[in-house]
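Line by line, the protein sequences are chains A and B.
Heads up, the first sequence is in our numbering, so the first residue is 1 and it goes up one at a time.
Heads up, the second sequence is in our numbering, so the first residue is 1 and it goes up one at a time.
No lab work stands behind these hints: they were computed from the structure.
Check each hint, because a few of them may be wrong.
Claimed, not checked - Across the chosen pairs, the derived CB separations fall in these ranges:
1. B:5 x A:67: 19 to 27 angstroms
2. A:19 x B:81: 33 to 41 angstroms
3. B:61 x A:47: 34 to 42 angstroms
4. B:74 x A:57: 29 to 37 angstroms
5. A:15 x B:81: 34 to 42 angstroms
6. A:5 x B:91: 34 to 42 angstroms
7. A:70 x B:73: 40 to 48 angstroms
8. B:82 x A:31: 36 to 44 angstroms
9. B:61 x A:15: 18 to 26 angstroms
10. B:68 x A:8: 37 to 45 angstroms
11. B:74 x A:48: 41 to 49 angstroms
Ideal Cβ placement from N, Cα and C applies to all residues, glycine included.
2 protein chains.
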Amino acid sequence: MLVKEEPLADGWERVARPPALFRRFEFASYEQTRAFLDRLAALSEETGLYPDLGFAARHANVTIYGQGGTTPGAAECSFADRAAGLAASAEG
Amino acid sequence: MLVKEEPLADGWERVARPPALFRRFEFASYEQTRAFLDRLAALSEETGLYPDLGFAARHANVTIYGQGGTTPGAAECSFADRAAGLAASAEG
Chain A
1 MLVKEEPLAD GWERVARPPA LFRRFEFASY EQTRAFLDRL AALSEETGLY
51 PDLGFAARHA NVTIYGQGGT TPGAAECSFA DRAAGLAASA EG
Chain B
1 MLVKEEPLAD GWERVARPPA LFRRFEFASY EQTRAFLDRL AALSEETGLY
51 PDLGFAARHA NVTIYGQGGT TPGAAECSFA DRAAGLAASA EG
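All chains should be modelled from the sequences, with the hints used to inform the complete structure.
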């Protein structure tokens, strides 16, 4: 069966077992990292999607799982796209 | 050579390669997780110690490395102890 995959925002990759979208964001400062995480938290509250997050002072790794172990779909890809925009604005 | 190790707050464990302190905190809600992370960020800004953090909606994994690859010392153990207090207050 051919599965049509949602288009993926720049910089994100698909990972398997379990299926997820992954991206590492790097920042010039801790303040930028915090600004990104705060905005990402607001996006999670709006969308109900809570990715796994790993971060330290100047980077954040974001892993967005598909719901119930399924392949990430339109909702997850939209979240990934918007997260990339939040990272860009946190740098600004 | 016998190395005297700082006493460690309850719930924390020492890991090796690289030497670090680790603890997983679990919370009943996303709001509690966020409250903990916000307080931990303030503690990082006060102390200048930035642990590695991994979190999702209802847990946070905290890894505190020793400075320059050394065994975590008094500053890191104090941070661990205060972090445990912040987790308890985030649950309150």
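Against the structure, the hints:
| no. | hint | result |
| --- | --- | --- |
| 1 | B:5 x A:67: 19 to 27 angstroms | 44 angstroms, violated |
| 2 | A:19 x B:81: 33 to 41 angstroms | 39 angstroms, holds |
| 3 | B:61 x A:47: 34 to 42 angstroms | 23 angstroms, violated |
| 4 | B:74 x A:57: 29 to 37 angstroms | 21 angstroms, violated |
| 5 | A:15 x B:81: 34 to 42 angstroms | 36 angstroms, holds |
| 6 | A:5 x B:91: 34 to 42 angstroms | 40 angstroms, holds |
| 7 | A:70 x B:73: 40 to 48 angstroms | 46 angstroms, holds |
| 8 | B:82 x A:31: 36 to 44 angstroms | 22 angstroms, violated |
| 9 | B:61 x A:15: 18 to 26 angstroms | 19 angstroms, holds |
| 10 | B:68 x A:8: 37 to 45 angstroms | 38 angstroms, holds |
| 11 | B:74 x A:48: 41 to 49 angstroms | 42 angstroms, holds |
In terms of the numbered hints stated before, the structure departs from hints 1, 3, 4 and 8, listed from lowest to highest.
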